[in-house]
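Asks: If you want the building blocks of each chain, they are given just below.
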Amino acid sequence: MKMIPVSTRINGDEREFLCAPDETLLDVLRDRLGLTGSKEGCGTGDCGACSVMLNGRLVCSCLVLAAESEGAEVETIEGMAEGQVLHPLQRVFIEKAALQCGICTPGILVAAKALLEKNPDPSETEIRYWLAGNLCRCTGYDKIIRAVQEAAAEIRRLQP
Amino acid sequence: MTFQSGAKRDFQVVGKRLVRPDGIDKVTGKALYGADFSAPGMLFGRVLRSPHPHARIVSIDVSAAESLEGVKAIVTGWDLAEPEDEAIRDIRDNCLARDKVLYDGHAVAAVAATSKSIAKEAIRLIKVEYEILPHVTDVDVAFRPDAPAVQEGRSDETVPEESSPNITRRFEFGHGNLEDCFAKADKIVERSFKTAATHQGYIEPHACLASLGSDGRGELWCCTQGQYLVRTVCSEILGLEASQLRVTASEIGGGFGGKTTVFIEPVALALSGKAGRPVKLVMSREEVFRASGPTCSSSIDVKIGMTKDGRITAGEAVLRYSGGAFPCETVQFGSQAAFAAYDLDAVKTHGFNVMTNRPKEVAYRAPGAPMAVYAVESVVDELCQEFDLDPLEVRLKNAARKGTLSAYGPTFNEIGLMATLEAAKAHPHYSAPLGPNQGRGLSCGFWFNFGGNTCVSLNINSDGTVGVVEGNPDIGGSRASISMMAAEELGVPYEKVRTVIADTNTLGYNDTTDGSRVTFAVGLATIEAARDAIKEMCGRVAKLWGIDEEAVIWENGCAKPASSNAGDFEPMSLADIAAIADNTGGPIAGHYEVNADGAGVSFGVHLCDVEVDRETGSTQILRYTVFQDAGKAVHPDYVEGQMQGGAVQGIGWALNEEYIYGEDGKLQNAGFLDYRVPVASDLPQIDTVILEIPNPGHPYGVRGVGETSIVPPLAAISNAVCRATGVRMTELPLSPARLQKALQEA
Chain U
1 MKMIPVSTRI NGDEREFLCA PDETLLDVLR DRLGLTGSKE GCGTGDCGAC SVMLNGRLVC
61 SCLVLAAESE GAEVETIEGM AEGQVLHPLQ RVFIEKAALQ CGICTPGILV AAKALLEKNP
121 DPSETEIRYW LAGNLCRCTG YDKIIRAVQE AAAEIRRLQP
Chain B
1001 MTFQSGAKRD FQVVGKRLVR PDGIDKVTGK ALYGADFSAP GMLFGRVLRS PHPHARIVSI
1061 DVSAAESLEG VKAIVTGWDL AEPEDEAIRD IRDNCLARDK VLYDGHAVAA VAATSKSIAK
1121 EAIRLIKVEY EILPHVTDVD VAFRPDAPAV QEGRSDETVP EESSPNITRR FEFGHGNLED
1181 CFAKADKIVE RSFKTAATHQ GYIEPHACLA SLGSDGRGEL WCCTQGQYLV RTVCSEILGL
1241 EASQLRVTAS EIGGGFGGKT TVFIEPVALA LSGKAGRPVK LVMSREEVFR ASGPTCSSSI
1301 DVKIGMTKDG RITAGEAVLR YSGGAFPCET VQFGSQAAFA AYDLDAVKTH GFNVMTNRPK
1361 EVAYRAPGAP MAVYAVESVV DELCQEFDLD PLEVRLKNAA RKGTLSAYGP TFNEIGLMAT
1421 LEAAKAHPHY SAPLGPNQGR GLSCGFWFNF GGNTCVSLNI NSDGTVGVVE GNPDIGGSRA
1481 SISMMAAEEL GVPYEKVRTV IADTNTLGYN DTTDGSRVTF AVGLATIEAA RDAIKEMCGR
1541 VAKLWGIDEE AVIWENGCAK PASSNAGDFE PMSLADIAAI ADNTGGPIAG HYEVNADGAG
1601 VSFGVHLCDV EVDRETGSTQ ILRYTVFQDA GKAVHPDYVE GQMQGGAVQG IGWALNEEYI
1661 YGEDGKLQNA GFLDYRVPVA SDLPQIDTVI LEIPNPGHPY GVRGVGETSI VPPLAAISNA
1721 VCRATGVRMT ELPLSPARLQ KALQEA
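Protein sequence lines, in the order shown, are assigned to chains U and B.
Okay, so the first sequence: first residue is 1 according to our numbering, each after it adds one.
Okay, so the second sequence: first residue is 1001 according to our numbering, each after it adds one.
No lab work stands behind these hints, which were simulated from the structure alone.
Quick caveat, the model's predicted, so the values are computed rather than measured.
Hints are not guaranteed to be accurate.
[Stated by the list, open to error] To give an idea of the chain B side of the interface with chain U (calculated C-beta under 10 Å), a few residues:
id, residue
1, D1022
2, K1116
3, E1251
4, G1476
5, P1636
6, Q1642
7, A1647
8, P1678
Here a beta-carbon is modelled for each residue, glycine too, at the ideal position from N, C-alpha and C.
Could you build the full structure based on these sequences and the hints that come with them?
Replies: Right, dumping it as structure tokens:
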């Protein structure tokens, strides 16, 4: 199978890779670039554990072909904190016990960040519908929703 | 084992909502789960699975696959060893079939290749000739004497002759004279129920990385609830010595009981042994549904008698569970748990395990209890409606309490059911108004809890910090709770303690993370290991001070003279003692090994309000409150998390989740799109009320909390739906189509 050369910017860094035509962006992130923070829970776009931002849009990276990311800006969970400083969502998730096993957490954080960038003051219902594509089997979502609300309030306070 | 029970203790660390030590790794993507490991020269494995629910394997031709470039090893069931233990042979035959395939998705062969795509292609090139056999997937059909036999000769002596060949075992529990006690009832209700098999639905598929050398030494990294169990089973299946197979548990992306066995680990080891290279094997989600273990499907008959003032006179149940294509004991737990919440003069349960052509059952949170309690709590609710009695008052009137001879044998010690029911009664939720098409349901729930084999080492570091080494994967915050108990006992700040999870060669044997045992049993062993280290430290200080060991006590993290009679010495802190350990006898550590008893049963009560859309048959959960006895909540956030998570899994079981098999015996919904677990927009907030009725079997009063919460939702929701619509549903899930049909027929 002929390999395809791809140039992207991932979490601000230039990354070049070769991929097969049938490889997904998730495969490349995990297997070729060592970015295993994005998780594969289903491979069919149902669970959201592989959520990343592609050119500013929230996508399931298991449904994107790696070759499609040519020239794209990709943001993954590994790029969410700035150095040692956690994003407020990350910090509040820890403080409010919004994770148990943690496997869905990267995808939920990426998705929640995308929500707050679009809508800094979402209602509980808006958060629940936005995150309906991110499955969590441990928490019953309760503490996740509350953590997103709290982080949103904190971000609003910091950026009036 | 005895501890000062009931003694009110002023906790310094336990009971606080502290930040978990693995938090940063898990919010930044650094934490390594099962599929996140790689090794030099690693190959990719893939499994060929049966397309038939039941067939004899006539031949397997691997020649074309073998000659594909990049294929390095192929294995079938015949490459595995012959374990002595029958249960482990079943696990082996489930990992790779030998003579027969027993369900759609049963593994037949596996390959290891240099890339995922070559492995995928190689699987397509393996030719298997099958002789198709008649199949059965429904528990009631399989129960009939003329049903197709899933396996022959698997019934034990408890099974009556002339029964179906699929019945492997029969259980019986209870006490009292049923006939006399049913005669005292003003009304007897008999109902039959069915519940679908559901899957644990952990978001992380099974994954492992195996490396096995020609010298019989192996390394295995995998996501599991029990690395020691994996070692035992894999070494038997591969014919290895346990000491030579080191198993390291990765971070685990959910288990709920489903990761208490092996599916792919022996296969990956066998492939690695053949290829001489490390092999990574990861299940797809479809494979998880088709071939890892769901819970049992069930068919249950319940008969309960009640007086018109609400006293239950007798209860009886027949439970038929199918644990898939192999013998399974889960119906035992269902038969024991069914009536556990009640104080009954006469009670009897009969449980049967029935084989069907479905995947081999694996534990799922309170295994066997939810469906049994659903059936019993539905009939109790129906009797309350019959006599127009308050369902909470009826539970209070009949509730098991201290001194009750339980329906399954033991006499209860301190239990929290009455307190939990009282809390529900007093809660504003219970008296809140309801609108049209809305109903409120409730149910009790129960789980035994478990202690088990546990081994902990606790090291005092020279800088005054503490390392705890334990052997149970952290599935939902246990590193935090174990560190908290160590800090509490030693009197040091929580931040000074780091808890790590050992591989199988670093620490003695530990039972699997199951049965809600970790916070109880590992916590107990950690506290005892801390006491062991304290004894050592006090001994060394006594020598320094030149006084008797008994004259030194440990208080607030310091060794002190027991009284002024012992002498006038400055207290020495843990850090002081640690700093001079070199000169007082060397490293300081505490150890504790135990097969822990006294786990203390757990009860909960759930209140649930629903609204039913009569047109579509869809049920919306409007309000949900969980009341549960935690004994002592070590970390309240994670106790609440267990209560909420279990409740939502139970909501899924009640409303959506089911294994759907076609006439062809194939699973029709092997994906998250068609097997619908609850999503955030399906749910309201899940409110929690933690009760703390100390468990006398634990130094801090801890009871396990993980399992009970999945038990009540099934009946609570079904009872609420009945009160909203007037229709009593006897089959789960209450999917919109099923409920709509029932509403139309009513």
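Asks: Against each hint, give a clear statement of whether it holds in the structure.
Replies: Hint check results:
1. Checking D1022(B) against chain U by beta carbon gives a least distance of about 7 Å; that is within 10 Å, so the hint holds.
2. The interface hint given for K1116(B) holds, since its Cβ lies 8 Å from the closest Cβ of chain U, which is under the 10 Å cut-off.
3. For E1251(B), the interface hint holds, the least distance from its beta-carbon to any beta-carbon of chain U being 7 Å, beneath 10 Å.
4. Look at G1476(B): its Cβ gets to within about 4 Å of chain U, closer than 10 Å, so that hint holds up.
5. With 10 Å as the threshold, the beta carbon of P1636(B) comes within range of chain U, its nearest partner Cβ sitting at about 9 Å, so the hint holds.
6. Hint on Q1642(B) holds. Least Cβ distance to chain U is approximately 8 Å, under the 10 Å limit.
7. Interface hint at A1647(B): satisfied, since its Cβ lies 6 Å from the closest Cβ of chain U, which is below the 10 Å cut-off.
8. This hint holds: P1678(B) has a C-beta 8 Å from the nearest C-beta of chain U, less than the 10 Å allowed.
The structure is consistent with each of the numbered hints, conforming to all of them.
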